[in-house]
Amino acid sequence: MSKKTDPAKTARQQQSAIDAAAAMAEYRAAIVAEQQKTVRLKALRLAKEAANKSSSGAKPAQRPRKQR
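End of the sequence shown = 101 in my numbering, gap-free, step of one.
Simulated from the structure, these hints should not be mistaken for lab results. Do not take every clue at face value.
Each computed DSS-like pair below joins lysine-lysine, with the alpha-carbon atoms no more than 30 angstroms apart [what the hints assert, rightly or not]: (1) Lys81 - Lys70; (2) Lys99 - Lys86; (3) Lys70 - Lys86; (4) Lys75 - Lys86.
Produce the complete structure using the sequences and hints provided.
This is the structure we're talking about:
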């Protein structure tokens, strides 16, 4: 007893596997892009904070306002 395979079904399965692989590659590429963007933005933020800290010098701490 041998099973006959439907060529159309086989082709659909193969196309589905190709589409799934492409979708997974796109998903992973989006993750990598987001991680790279996060690293870039963090570096910019840290550089900005360091520049603000060094340019502001040693400001005296502000006293809290008295509550009435």
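Going through the hints against the structure:
1. Between Lys81 and Lys70 the alpha-carbon distance is near 16 angstroms, which keeps this suggested pair within the 30 angstroms criterion.
2. Distance hint between Lys99 and Lys86 is fulfilled; the C-alpha atoms sit about 27 angstroms from each other, no more than 30 angstroms.
3. For the hint linking Lys70 to Lys86, the alpha-carbon distance of about 24 angstroms falls within 30 angstroms, and the restraint holds.
4. Between Lys75 and Lys86 the alpha-carbon distance is near 16 angstroms, which keeps this suggested pair within the 30 angstroms criterion.
The structure meets every hint from the earlier list without exception.
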